[in-house]
Amino acid sequence: MSASLAAPAPGGFGRITLRLVLIGAVLLLALLPVLNRLPMDSALHVSDFIVSITGKWITYAVLALAIDLAWGYAGILSLGHGAFFALGGYAIGMHLMRLIGPRGVYGHPTLPDFMVFLGYQELPWYWLGFDHFPFAVFMAMAVPGSLALVVGFLAFRSRITGVYLSIITQALTYALMLAFFRNDMGFGGNNGFTDFKELLGMPLNTSSARSTLFYASLILLLGALWLCTIVTRSKLGRVLVAIRDAESRVRFLGYNVTNHKLFVFVLSAMIAGLAGALYVPQVGIINPGEFSPGNSIEAVIWVAVGGRGSLVGALLGAFSVNALKTWLTTVAPDLWLFALGGLFVAVTLFLPRGLIGLFSKAPK
Amino acid sequence: MNASPASGTRPAPDPILYLDGVSVVFDGFKALNGLSLIVDPGELRAIIGPNGAGKTTMMDVITGKTRPTAGVVRFREHDLTRLDEATIANLGIGRKFQKPTMFDALTVFENLELALKAPRGPLACLRWVLDRGARRRIEQVLEEVGLTARMHDRAAILSHGQRQWLEIGMLLMQDPELLLVDEPVAGMTDQETEHTAALLVRIAGQRSVVVVEHDLEFVRALGSKVTVLCEGAMLSEGSIDHVQNDPRVIEVYLGR
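First to last, the sequence lines map onto chains A and B.
When we follow my numbering, the leftmost residue of the first sequence carries the number 1, and every step to the right adds one.
When we follow my numbering, the leftmost residue of the second sequence carries the number 1, and every step to the right adds one.
These are calculated hints, taken from the structure and not from any lab test.
For every residue, glycine included, the Cβ atom is placed at its ideal position computed from N, Cα and C.
Treat the hints with caution; some may be incorrect.
Unchecked claim - Away from chain A, derived, C-beta distances all over 12 Å, residues of chain B: (1) Y18; (2) P41; (3) R67; (4) T148; (5) Q162; (6) H214; (7) E217; (8) G223; (9) M234.
Claimed, not checked - Derived DEER-like restraints, expressed as beta-carbon distance ranges: (10) L130/B / L337/A: 47 to 53 Å; (11) T87/B / G162/A: 21 to 27 Å; (12) D131/B / L128/A: 48 to 54 Å; (13) L126/B / P124/A: 44 to 50 Å; (14) R76/B / I167/A: 39 to 45 Å.
Using the sequences plus the hints, can you model the full thing?
Set out below in structure tokens:
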């Protein structure tokens, strides 16, 4: 019907080419765990490290999609999306802790080690139900979604926009970090959760668990991409772009802007929560550091580098910045933060449409 | 337009817009000072006045952007002082801004599609499918404002006059009962101005139109009742000839 904002103009890097490249990239990703099974001496063998780090990047890419949906399309620059990601991670982390059962260091049948250590007599009420996997997955969406609903409602109704909203979301993730650091929150304090044993009857730290989680992440990525594409190509997507560019004008057309922004903010938080839920079993740990404000800002930079307002751009940004980070933190770890800052400045100055802008002509 | 005084038996129609004693005070400055205004259904009304007379503030009050400090603002039976912008827009009041404001990243067609009267909620927008009726309605308006050839262009690249027309087109898509049009011909060529006057006269009749304008030639071309505002209150009202000969109007506005 009508072209989305991201659609390259005719004569540029066409939509069909873009789609082919995307399909190729997904197939290539899907191949990694297969190549991992090849014998070590095979030229095509892919190491465990590559598979697990790529799996992690895929969950980052989903987080980038969530941020792009809110920021690139609706203009909601959240500097606290890492909080939704971490909350999703904690929800699945609670499930993984429950599954450890008596295999913990203290051998308590129900209480996780840290609770025994802190002298808990019984499981706090908010830990109930997390022994069921579907419940934990539900909470990985429901908790970030509800938080986004409350924060978004208060902020959007009061017409808090722009930098003020960014500051509020940044404060939100900082406050959560401080809260989760406290031992009496019942979430393992400083140390968070780790020493996970299994998920869905599948021992973690095995090659098959790694590839299962990898494929689950890839499916989540495709699902999130599909959902975000539907939203951005619909009339709702055009209303969001209109809100981003001239919010008060949209009100005078009779749109209740608060509802549209809330819808996209909550959806975005839920996607981020699911990404976090797949991240934690792959990295094997979740602690309050995941809430640190820097994480959220870094995720926003992925989107800025890739190209906000383009879903493929967000994916490109997440993969390329993280690849750069992995490489640079190996060869020159002290330089990483300077490189990240420099990258952000350079992209803002020279590539306002991000890396994706290199491949498609600017719209007329 | 107004009930004919000769018939005598027919009461005047209920006004569509009724402002009485409306005041707006910003930090001690009275932007509106006891303004009263009555607009009948189907009426075309021009509002003129020097800069700072309160014309735009009046529009802000009617559309819910600014809350009046005192006074009554009614649209049909609705008290507008209690409603927000979106609710007021959905009641049937459309507004064209002084500075044309539209969505530059979207095409002309998409701008009109967003303005088209249809369910406004997020889920309704998500499920929205452009059917034949809606497409035809958009094409009609494109025709009416002369933008058919530019329908697939982004609004950002339109000329100033075309932007004014696109905004009028967006107003028409909303199918409002009352149109508030702020300086529609600012920056237009003579020919474009004529075209716009004809368009507004055509629109009035089925709908009420309130036009704020500086250009007196344009107001004359509208041939409507004129209200002169000064310092936040009504100074004079009547035909263009009547107000142009009103000594108070000459003193504060025309004579300078």
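Each hint tested on the structure:
1. Y18: Answer for Y18/B: holds, closest chain A Cβ roughly 21 Å.
2. P41: holds, 20 Å
3. R67: holds, 14 Å
4. T148: The assertion about T148/B holds, with a minimum of 16 Å to chain A.
5. Q162: It holds; Q162/B is separated from chain A by about 15 Å at its closest Cβ, greater than 12 Å.
6. H214: Fine: 22 Å to the nearest Cβ keeps H214/B off the interface.
7. E217: holds, 29 Å
8. G223: The assertion about G223/B holds, with a minimum of 28 Å to chain A.
9. M234: M234/B clear of chain A: closest Cβ-Cβ about 25 Å, beyond 12 Å.
10. L130/B / L337/A: 47 to 53 Å: holds, 48 Å
11. T87/B / G162/A: 21 to 27 Å: holds, 24 Å
12. D131/B / L128/A: 48 to 54 Å: For L128/A against D131/B, whose Cβ atoms are near 49 Å apart, the range 48 to 54 Å holds.
13. L126/B / P124/A: 44 to 50 Å: Cβ of L126/B to Cβ of P124/A: about 38 Å, so the range 44 to 50 Å is violated.
14. R76/B / I167/A: 39 to 45 Å: Since the Cβ atoms of R76/B and I167/A sit about 42 Å apart, the hinted range of 39 to 45 Å holds.
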